[in-house]
Amino acid sequence: MRPTLGCASLALVLGMTGGALAQSGEITIWSWDVAASSLQSTIEGFNAQYPDVTVTVEDLGNQQVFDRTLAGCAAGGSGLPDIISIENGEAEIFWNQFPDCFANLRDLGYTEEMASGFPDFKRTELEVGDVAYGMPWDSGPVAMFYRRDFYENAGVDPESITTWGDFIEAGQAIAEANPGVVMGQADFNGDTEWFRMLANEQGCGYFTGEGDAIAVNQPGCVAALEAVKEMADAGILVAGNWDERIQAIRAETVASQLFGGWYEGTIRSNAPEQEGLWGVYEMPSVTEDGPRAANLGGSALSITNTSDNKEAAWAYVNYTLGTNEGQVTMLRVFGLVPSLLSALDDPYVEEGQPFWGDQAIWVDILGTLDRVVPSRGTPFFGDAQAIIQATQTQYINGGFESAQAALDDAASQIALVTGLPIAE
Amino acid sequence: MRATTRTAYGFLTPYLLIFAAFWVWPIIYSFYLSFLSTRVQPWTFNPTFNWGRLIIDPAFFNAFKNTMIILVIQVPVMIALATLLAVLLNSHLLKARGIMRFAFFAPVVVGEVAYAAVFRLMFQADFGVINKLLALVGVAPISWSSNPTAAMALIITAVTWRWVGYNAIIILSGLQSIPEDVYEAATLDKVSKTRQFFFITLPLLRPIILVCVVLSVIGTMQLFAEPFLITNRGGPGGATETLGLFLYRQGFTVLNFGYASAVAYTIAAIAIVISVINFWLGRDPK
Amino acid sequence: MRSKSQTTLLRTVGLHAVLVPLALIWLFPIWMMIVFSTQPENAIFSSNLVLLPSDQFANNFALLQADTGFLRTVFVSIVVATVYTVVSVFLTSMAGWALARYNFAGKGVVLAIILGTLTLPYFVVVIPQFIMVARDFGLGNTWFALIVPPLFNSLGVLFMRQSFSMMPGELFDAARVEGVKEWQIFLRVALPMARPTIAALCIILFLASWNNYLWPLLINNRPDMMTAPVALGSLIGLTRVSWGGIMTGAVVLTLPMLFAFVVLQRHFVAGIAAGAIK
Numbered sequence: 001m002r003p004t005l006g007c008a009s010l011a012l013v014l015g016m017t018g019g020a021l022a023q024s025g026e027i028t029i030w031s032w033d034v035a036a037s038s039l040q041s042t043i044e045g046f047n048a049q050y051p052d053v054t055v056t057v058e059d060l061g062n063q064q065v066f067d068r069t070l071a072g073c074a075a076g077g078s079g080l081p082d083i084i085s086i087e088n089g090e091a092e093i094f095w096n097q098f099p100d101c102f103a104n105l106r107d108l109g110y111t112e113e114m115a116s117g118f119p120d121f122k123r124t125e126l127e128v129g130d131v132a133y134g135m136p137w138d139s140g141p142v143a144m145f146y147r148r149d150f151y152e153n154a155g156v157d158p159e160s161i162t163t164w165g166d167f168i169e170a171g172q173a174i175a176e177a178n179p180g181v182v183m184g185q186a187d188f189n190g191d192t193e194w195f196r197m198l199a200n201e202q203g204c205g206y207f208t209g210e211g212d213a214i215a216v217n218q219p220g221c222v223a224a225l226e227a228v229k230e231m232a233d234a235g236i237l238v239a240g241n242w243d244e245r246i247q248a249i250r251a252e253t254v255a256s257q258l259f260g261g262w263y264e265g266t267i268r269s270n271a272p273e274q275e276g277l278w279g280v281y282e283m284p285s286v287t288e289d290g291p292r293a294a295n296l297g298g299s300a301l302s303i304t305n306t307s308d309n310k311e312a313a314w315a316y317v318n319y320t321l322g323t324n325e326g327q328v329t330m331l332r333v334f335g336l337v338p339s340l341l342s343a344l345d346d347p348y349v350e351e352g353q354p355f356w357g358d359q360a361i362w363v364d365i366l367g368t369l370d371r372v373v374p375s376r377g378t379p380f381f382g383d384a385q386a387i388i389q390a391t392q393t394q395y396i397n398g399g400f401e402s403a404q405a406a407l408d409d410a411a412s413q414i415a416l417v418t419g420l421p422i423a424e
Numbered sequence: 001m002r003a004t005t006r007t008a009y010g011f012l013t014p015y016l017l018i019f020a021a022f023w024v025w026p027i028i029y030s031f032y033l034s035f036l037s038t039r040v041q042p043w044t045f046n047p048t049f050n051w052g053r054l055i056i057d058p059a060f061f062n063a064f065k066n067t068m069i070i071l072v073i074q075v076p077v078m079i080a081l082a083t084l085l086a087v088l089l090n091s092h093l094l095k096a097r098g099i100m101r102f103a104f105f106a107p108v109v110v111g112e113v114a115y116a117a118v119f120r121l122m123f124q125a126d127f128g129v130i131n132k133l134l135a136l137v138g139v140a141p142i143s144w145s146s147n148p149t150a151a152m153a154l155i156i157t158a159v160t161w162r163w164v165g166y167n168a169i170i171i172l173s174g175l176q177s178i179p180e181d182v183y184e185a186a187t188l189d190k191v192s193k194t195r196q197f198f199f200i201t202l203p204l205l206r207p208i209i210l211v212c213v214v215l216s217v218i219g220t221m222q223l224f225a226e227p228f229l230i231t232n233r234g235g236p237g238g239a240t241e242t243l244g245l246f247l248y249r250q251g252f253t254v255l256n257f258g259y260a261s262a263v264a265y266t267i268a269a270i271a272i273v274i275s276v277i278n279f280w281l282g283r284d285p286k
Numbered sequence: 001m002r003s004k005s006q007t008t009l010l011r012t013v014g015l016h017a018v019l020v021p022l023a024l025i026w027l028f029p030i031w032m033m034i035v036f037s038t039q040p041e042n043a044i045f046s047s048n049l050v051l052l053p054s055d056q057f058a059n060n061f062a063l064l065q066a067d068t069g070f071l072r073t074v075f076v077s078i079v080v081a082t083v084y085t086v087v088s089v090f091l092t093s094m095a096g097w098a099l100a101r102y103n104f105a106g107k108g109v110v111l112a113i114i115l116g117t118l119t120l121p122y123f124v125v126v127i128p129q130f131i132m133v134a135r136d137f138g139l140g141n142t143w144f145a146l147i148v149p150p151l152f153n154s155l156g157v158l159f160m161r162q163s164f165s166m167m168p169g170e171l172f173d174a175a176r177v178e179g180v181k182e183w184q185i186f187l188r189v190a191l192p193m194a195r196p197t198i199a200a201l202c203i204i205l206f207l208a209s210w211n212n213y214l215w216p217l218l219i220n221n222r223p224d225m226m227t228a229p230v231a232l233g234s235l236i237g238l239t240r241v242s243w244g245g246i247m248t249g250a251v252v253l254t255l256p257m258l259f260a261f262v263v264l265q266r267h268f269v270a271g272i273a274a275g276a277i278k
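Chains as they are written, first to last, in UniProt numbering: chain P, 1 to 424; chain R, 1 to 286; chain D, 1 to 278.
Worth flagging that the hints you see were computed from the coordinates, not collected in a lab.
Quick reminder that beta carbons are idealized off the backbone N, C-alpha and C, glycines included.
Just so you know, not all the hints are guaranteed correct.
In silico SDA-like cross-links for lysine to any residue, where the CA-CA straight-line distance does not exceed 20 Å [unchecked claim]:
(1) K65(R) x G398(P)
(2) K193(R) x R11(D)
(3) K193(R) x V13(D)
(4) K193(R) x A80(R)
(5) K107(D) x I18(R)
(6) K95(R) x L27(D)
(7) K95(R) x K4(D)
(8) K310(P) x G109(P)
(9) K193(R) x L10(D)
(10) K65(R) x N147(R)
(11) K95(R) x T12(D)
(12) K4(D) x Y183(R)
(13) K193(R) x K4(D)
(14) K65(R) x L54(R)
(15) K132(R) x S46(D)
(16) K132(R) x S143(R)
(17) K193(R) x L93(R)
(18) K310(P) x P99(P)
(19) K65(R) x I274(R)
(20) K310(P) x E58(P)
(21) K193(R) x L81(R)
(22) K310(P) x E26(P)
(23) K65(R) x G399(P)
(24) K181(D) x N103(D)
(25) K65(R) x I156(R)
(26) K65(R) x I277(R)
(27) K132(R) x T157(R)
(28) K132(R) x A150(R)
(29) K132(R) x F28(D)
(30) K95(R) x V262(D)
(31) K132(R) x T253(P)
(32) K132(R) x L24(D)
(33) K4(D) x L93(R)
(34) K310(P) x S24(P)
(35) K181(D) x R2(R)
Here are a few chain D residues that face chain P, going by a calculated C-beta distance under 8 Å [as the list claims (entries may be wrong)]:
(36) F45
(37) A134
(38) R135
(39) N141
(40) L218
Work the whole structure out from these sequences, hints included.
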């Protein structure tokens, strides 16, 4: 860790005596939800070093950042801001379609050495050969966030929930003991996040690790989809999109939420009055003693080629993502899990969190990171996602005999659309 | 004669220029695009790539099926309702005519986004006013956004709400062009009002209803904003994905312009075929 | 035997028994739009049934304005719809005039094309239009891109043609005899006579542009060049914006049009009914 830090501070000192202080002008960033808020939170620290750069963060929502960036790139960069937040899973769509739309960060000062401060699984999707299109931001180790009081009312000890079967039983007990409360919510309308988390836990993904074949009908994914349907059928997992889930948290009608670690800040900032009522435990597994770690989401920052202030944009990206100060600020304020390895040694990580009943949640959540099986987004993520979504809906509504049949069908559809082979 | 032609084209030129630039050229270019593989950069010429995919793509057939469901259920219901409304609104027994017409015609001026927002909020599963009203009469809450059938019903309801007045206006104008004395003669012959409707009004309205049907078919073929905004991009899981939305997704979410162009041509072809069938079925029998 | 007035009474009652409930159902969404726009967020998302307005409109609108700069997008929409309407009325009137009053080579072809495009979904051209305007011309995020490509409008031409061809030809011939130039006849004689038709057309064109969603959604991705419907649509499904705020936006977009509709109902109806003229 030390050399990286040393380098960063040296660069900082050099920068201060050299041209860096002269950075000025305005830069604009597109981002979404809590990610946008956390970028906002690092501006103060950034401006302490670069007082003449005005940073504007525009929160457009996740889907629209994606849509508008694609449209902007298709239009030769028209209307794009200086910096764009890009989800790792979707990142390769951009480099693949529009290699000229984004600046090579290597040219702006992002050295191989700095890049080596991030874990490999974050880098694969962001770098193509010698070109670095994005700098890793956060990762999303999955955790089960739960309401301590609701569990206690039903006499459920979260430690005892090790399989999804246990989770269903607990869910039924909790719903009974807490009228009007549901065990969990999944975005059955617009997403497949539960399926993806469970599949990743089981070592499966839409594509193989190399991204050159379709893997979605492999046993791990089949088990994941079966588990999701069992939970939906048992009535303990009900439909709820992003905002409906937040409403449910505020209205105290939901007992657990399964998401990437970054959801911590969403719960905390939306329901500050529920301090002390929440806790975290590891996601259950399909089988007794099965794997219990997964990753969902995690993003990067990229600089557009049309930006007329790339140096200032890079200065901001480097401060926010490349320094412990920037990364830990985002963890503190909004629960974004740093992917910068050195930031994980920050003392804040060890602290018990008052909102979470003084549980040292970051120790627990980050402890799962090295058990996560990397999963590749590939340039075809968008195509695959639409197909899996439709398949999931049909399967849950009884449109397929079995999860295997559903995912075989999905795999052949993805093969048609992408031209990739189905993995053996 | 030549001078007239020159003058005429003088008046037509600006309009025809816009037409050439923003319709003719795109239509030709689109045709060319549909033969390119635009899946990854660089684009390459591959005549069977998109068309070959289109004829076996289950996602395309899903969108086609959904569009046809709307076409077969929503359009007839709406046109029948519009005809009924037009006849009732035309009745001289009607009180508060202005307010009544306003009620049905007002949605015509409400934009897609505005009404989509309202419908999405009204039909929200947990706190939506529709489910609360249903609860008053003892109906269990319906998950409008996550149940495929309910979501489709929601889209059909929304589109009908928005467009029935529009069609009623057109039919009403047709109704008002039917001379009064036709009915007077029938009344003298003691033909009942109901029979008058079926044997005089409807046949006379046939051409105008036909126009409404064709306009609605074209509208349905490019239905986009409602499933995009109300059911969150054709959700759940594509259950309300229409051809218009499928084209948008291929064009602007996956950025596969070549495939999207092939889809666009197919949509146009289907629209034209259905319109022709309509005109043929609805042609004057004499 | 039932008297005639009894029958009429029964009919009247029956008519209203059908129409009044239907009318209430049809007004309900617009009513709820207004109700939601005046309610605080926690009232919209409470388990109580809320059917009456409250007093939070200004607060909700302030939230919306702070979040998107909504007034700017309304300004963009007003400019776009106004310029579009004026230019389009001129283009379609000129074309309609040519098709109504002159016999010229290729007239049949032009007319056939215009009629033909009526059955062509706009979706056929939207992708190449986007590629051309945004990528090839590099004109994304411009006023040009918002206003010019949608100018092609076949209904307007047919509507104007209809109006011009119903005018007495002697009038124009008399002017010609006096040596008045053709474009002056069009501007000074024909256009003023077509005023009611133009009024109806203006309303329809303005409304279409005001509510246009797909094209402005695609062609502009910069917040300061967004039209109001696009800005509003972009908020649907986001958490950070209140639904009350979104509803105030919907009200701002809708109420002026409803007001115009009440005042100008005759022209609205004429313009829409023209959709059926073939």
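Checked hints:
1. K65(R) x G398(P): holds, 19 Å
2. K193(R) x R11(D): Answer holds: K193(R) to R11(D) is near 11 Å, not above 20 Å.
3. K193(R) x V13(D): holds, 16 Å
4. K193(R) x A80(R): Holds, because 18 Å separates the two Cα atoms, which is no more than 20 Å.
5. K107(D) x I18(R): holds, 18 Å
6. K95(R) x L27(D): holds, 17 Å
7. K95(R) x K4(D): holds, 19 Å
8. K310(P) x G109(P): holds, 11 Å
9. K193(R) x L10(D): This hinted pair holds, its Cα atoms lying about 13 Å apart.
10. K65(R) x N147(R): holds, 17 Å
11. K95(R) x T12(D): holds, 9 Å
12. K4(D) x Y183(R): Since the Cα atoms of K4(D) and Y183(R) sit roughly 17 Å apart, the hinted pair holds (cutoff 20 Å).
13. K193(R) x K4(D): The hint holds at about 14 Å.
14. K65(R) x L54(R): Judged against 20 Å, a Cα distance of about 14 Å means the pair holds.
15. K132(R) x S46(D): Holds, at about 11 Å.
16. K132(R) x S143(R): holds, 12 Å
17. K193(R) x L93(R): Status holds; Cα separation ~14 Å.
18. K310(P) x P99(P): holds, 17 Å
19. K65(R) x I274(R): holds, 15 Å
20. K310(P) x E58(P): holds, 18 Å
21. K193(R) x L81(R): holds, 18 Å
22. K310(P) x E26(P): holds, 11 Å
23. K65(R) x G399(P): Distance of about 16 Å is within 20 Å: holds.
24. K181(D) x N103(D): Holds. K181(D) to N103(D) sits at ~17 Å (cutoff 20 Å).
25. K65(R) x I156(R): holds, 14 Å
26. K65(R) x I277(R): holds, 19 Å
27. K132(R) x T157(R): holds, 18 Å
28. K132(R) x A150(R): holds, 16 Å
29. K132(R) x F28(D): Satisfied, since the Cα-Cα distance of roughly 14 Å is no more than 20 Å.
30. K95(R) x V262(D): holds, 17 Å
31. K132(R) x T253(P): holds, 17 Å
32. K132(R) x L24(D): holds, 17 Å
33. K4(D) x L93(R): holds, 13 Å
34. K310(P) x S24(P): The given pair, whose Cα atoms are some 11 Å apart, holds under the 20 Å limit.
35. K181(D) x R2(R): holds, 16 Å
36. F45: Hint on F45(D): holds, closest Cβ of chain P at ~5 Å, below 8 Å.
37. A134: holds, 3 Å
38. R135: holds, 5 Å
39. N141: Holds, because the Cβ-Cβ distance from N141(D) to chain P comes to roughly 4 Å (cut-off 8 Å).
40. L218: It holds, given that the least Cβ distance between L218(D) and chain P is near 6 Å, below 8 Å.
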